[in-house]
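Student: Residues per chain, in single letters:
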Amino acid sequence: MTQVSRRRFLVRGSMGAALAGALAALPGLGTALKLPGVARGGAGASKAGPLIAHVRDVSTGEISLMVGERHVVQRDAELAARLYDAAQQES
Amino acid sequence: MSSHREAPAIAKDPVADSTDLYAFVSPDAPGTVTLIANYIPLEGPDGGPNFFEFGDDVLYAIYVDNNGDAQPDVTYRFRFTTQVKNPNTFLYNTGPISSIDSPTWNRPQFYSVTRSVGGSDSTLGTGLACPPCNVGPRSTPSYPDLANMGIHDLAGGHGKVFAGQRQEGFYVDLGSIFDLGALRPFQDLHLIGMPKALGVNGTKHLNVHTIALQVPISDLTPDGTSTLTGVGDPRATVGVWTAAYRRKARILNSAVSDGNADDVETGPWVQVSRLGNPLFNEVVVPMSKKDLWNGLPPSADAQFIDFVRHPELARLLPVLYPGTFPNLAAVTANRDDLVAILMTGIPSGIINGFQNFTGTTPADMLRLNMAIPPASSPKLLGLVGGDAAGYPNGRRVADDVVTIELRAIAGATYPLVNHAFTPDGAASLIYDLENPNNTNTPPLSYLPSFPYLNHPESGFDVPS
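The listed protein sequences derive, respectively, from chains P and W.
To convert, count from 1 in the first sequence and add 132; that's our numbering.
To convert, count from 1 in the second sequence and add 848; that's our numbering.
Don't take every hint at face value.
Just some of the chain W residues that point at chain P, by a computed CB distance under 7 Å [stated by the list, open to error]: (1) 1041; (2) 1045; (3) 1094; (4) 1097; (5) 1114; (6) 1118.
Label-pair distances were calculated between CB atoms; the ranges are [said to hold, decoys possible]: (7) P/221 - W/1119: 56 to 66 Å; (8) W/1100 - P/220: 48 to 58 Å; (9) W/974 - P/213: 17 to 27 Å.
Simulated from the structure, these hints should not be mistaken for lab results.
Each residue gets a CB set at the ideal place from its N, CA and C atoms; glycine is no exception.
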């Protein structure tokens, strides 16, 4: 995924907001990721309900996002790596 | 068992575990078909204080294929919601439950029913109450009256529904059959012989949770007709199966920090359980593929057809009962009789005046020819016993499906497709519980009207 498309993905409406909300729940993760242009816990998050992101194998950059009854797969090696790095931090 | 705990994964998830499926033209309302899907196997009636209930986090479905492609044409979906009236007590009920809306029932469960046809959903009912479990004479007095309050009419004249606890209606000698294929009445002939004995019903005094529908025949036919021209009418036969689903992702106790220990579940629904014909996944599908099978739709069943053509149990019987099944032991050809019974339906011309063929797509579905009226004198052996209104033409609650399938696999039905084959004498004699050659009375009692499965065993009266 290009930098532009990745940003579009991250800021795209409620899903981006919900992702930020979910990720922010992890201690230290919000600052570690520095997600651009995304307000934590915005209105979109409450509308979308919980979002679960699943990185099965960080080397592929494949991120499964599950929200509502949807399952969306995105490829973003940089984001996957940053998530992995964030998960290594001590809480 | 029919499909109780039949696969490694679903055995660990009883709330989503389909146990039996029934489909029959209603004997007391022959313009309707009754569809019953049972879940939650082997319920001990005294299993409190958290008595059994459907899963609020499970999507239950009953599917009907009416054009033979093994894809759903009519779908019924059921979602459940449980309430806790008094959060400050551990009790299931704080006094006698005299009514289905009694304030003393602390944990009532409600559900919705959605019908889908051609991609269009219609809600047939919401906030429908389940009856409580049959706790005992102090907690649930007059249980039949209480349970009957759980029979609800569906909107738009689409029939009626019941969801709640019932007595287990499936009978089988569990302890014997899974002890290396022993049949107590014939265990003197077993490779590891023991004196013959009477069968023991392993599901006696156990309960199950039932989702039952009684719907007009016109709700199931492809063109909405209720007037079928006869047994050969191509609109007459439907294929039925049930499935249960869980959300793809689940986080346990995600909000425990704020004192709310609810799990978080999200993502698409994933099929975790399926059931069409009794014993298909249990006895036909090998262990290594049972979980896979549970996650697939019937339209994917072609990959399992060789397990039907050459069933493992047909190879085991001559080994377990030496010298008893010599003709069966010699069979090497495809068992096309079993393919017809379990995967395509029986074409016309095989059994005089009967067919329930749905086409060449091999799929495990319970096939019901709705043009065949209810039998005035039902036979436990169903079609094998000369009663075309019974299994494998659909399945009625009392049908002795264990004996029917044992005899079929043993070769009793093979002459339908291979006239040169002579079944072994034992093939028409074997049974595991009571001999349906001698008695036509099932070992359990059933109700004469919807939902047909009997009221559940009382926890007080039947300690497990």
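Student: Hint by hint, note whether the structure agrees.
Tutor: Structure-based check of all given hints:
1. For residue 1041 of chain W, the shortest C-beta to C-beta distance to chain P is roughly 53 Å, which exceeds 7 Å, and the interface hint is violated.
2. Checking residue 1045 of chain W against chain P by beta carbon gives a least distance of about 52 Å; that is not within 7 Å, so the hint is violated.
3. Nearest Cβ of chain P to the Cβ of residue 1094 of chain W: about 12 Å, over the 7 Å cut. The hint is violated.
4. Given the 7 Å rule on beta carbons, the hint for residue 1097 of chain W holds: about 4 Å separates it from the nearest Cβ of chain P.
5. Below 7 Å, beta-carbon pairs count as interface contacts, and residue 1114 of chain W has one with chain P at about 5 Å; its hint therefore holds.
6. For residue 1118 of chain W, the suggested interface contact is broken, since its CB lies about 9 Å from the closest CB of chain P, more than 7 Å.
7. In this structure the hint that residue 221 of chain P and residue 1119 of chain W lie 56 to 66 Å apart at CB is violated, the actual value being about 37 Å.
8. For the pair residue 1100 of chain W and residue 220 of chain P, the supplied restraint of 48 to 58 Å is violated, since their beta-carbon distance comes to about 22 Å.
9. Between residue 974 of chain W and residue 213 of chain P the beta carbon distance is about 46 Å. The supplied range of 17 to 27 Å is therefore violated.
Of the numbered hints listed earlier, those contradicted by the structure are 1, 2, 3, 6, 7, 8, 9.
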